[in-house]
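Based on the hints, put chain B in the right spot on chain A.
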Amino acid sequence: DAGVIQSPRHEVTEMGQEVTLRCKPISGHDYLFWYRQTMMRGLELLIYFNNNVPIDDSGMPEDRFSAKMPNASFSTLKIQPSEPRDSAVYFCASSSGTGPAFFGQGTRLTVV
Amino acid sequence: QQQVKQSPQSLIVQKGGISIINCAYENTAFDYFPWYQQFPGKGPALLIAIRPDVSEKKEGRFTISFNKSAKQFSLHIMDSQPGDSATYFCAASKGSARQLTFGSGTQLTVLP
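Respectively, the protein sequence lines represent chains A and B. The first sequence runs contiguously to residue 112 in this note's numbering. The second sequence runs contiguously to residue 112 in this note's numbering.
The reader is advised that the hints may include incorrect statements.
[Stated by the list, open to error] Once the Cα atoms are required to be at most 27 Å apart in a straight line, the calculated BS3-like pairs of lysine-lysine come out as:
(1) A:Lys24 - B:Lys94
(2) A:Lys68 - B:Lys94
(3) B:Lys57 - B:Lys5
(4) B:Lys57 - B:Lys42
(5) A:Lys78 - B:Lys42
(6) A:Lys24 - B:Lys42
(7) B:Lys94 - B:Lys57
(8) B:Lys68 - B:Lys57
(9) B:Lys42 - A:Lys68
Hints are computed from structural coordinates only; laboratory data are not their basis.
Same shape as in the complex, but just chain A (with noise of 0.2 Å):
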C-alpha cells in the first residue's frame, strides 16, 4: 500500500480564495483524521470520520472550514474564503479498528 496520500503538496493562494485540500486513506481503514501543524499551536485535531460519518468536528476552528468523506477512499478540508492566519500544514491521518494512526505526507498551505 503507498499510505495515506495527500495533494497538493504545497498550495499558495491569496486571501478570500477557496482551499481544498484533498486525501486518499490507506486502503481498509474505517478512521480517517484531518489534523492542523502549526508553530504556535502544534499538531491540533481538527475533524475525525468512522466510516464515512463525521463523529467530531470540534476542533474546526470557524465554519469556513468543512470537510467531507464521500466514500472510504477518499475525503477533502475545504477552506472559504482562506485567511493569512490558516497558513499551516494540514496532514491526513487514517487508523483501522484500535489500530495505530498512519499520517500523510501533508498539505503546506500558504495564504497569502
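Just chain B now, kept in the frame of chain A:
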C-alpha cells in the same frame, strides 16, 4: 487546554548517548500512548506505543517507560545516532478511535 505536556522543547545529545523525553497527561481516561517521529517535510511516523497496563515497552533502541500513578510516560533512545535527529511527539488517546492529543514536541539533535 493542554492535556499532554512534553519536555524538553529541545535536546542535544552526543552520538552513543541516551536521549530522554518526558510527557505528562491529565486525562485519566487516556488508554493509549504513542510516540511519533517527524523529519522535516514529512508527516509524523509511529515509533512505539504503550497501553497503561504495562510499565515498560522496548523496541530495539527505543523504550517507553510508563508511570500510571504519576500520569507520566517517557521515551528513552539508547545509543542515539545522528539519524535519530528529528522532532519527537508524545500523544494520547482514549476509546476505540485513535484521535490523538499531541504534546508540543521535542527537537532532538544528535551530534556526530
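Now the hints, each set against the structure:
1. A:Lys24 - B:Lys94: holds, 25 Å
2. A:Lys68 - B:Lys94: holds, 24 Å
3. B:Lys57 - B:Lys5: holds, 21 Å
4. B:Lys57 - B:Lys42: holds, 26 Å
5. A:Lys78 - B:Lys42: OK: Lys78 of chain A and Lys42 of chain B at ~22 Å, within 27 Å.
6. A:Lys24 - B:Lys42: holds, 16 Å
7. B:Lys94 - B:Lys57: Distance ~19 Å between Lys94 of chain B and Lys57 of chain B Cα, so the pair holds.
8. B:Lys68 - B:Lys57: holds, 14 Å
9. B:Lys42 - A:Lys68: holds, 24 Å
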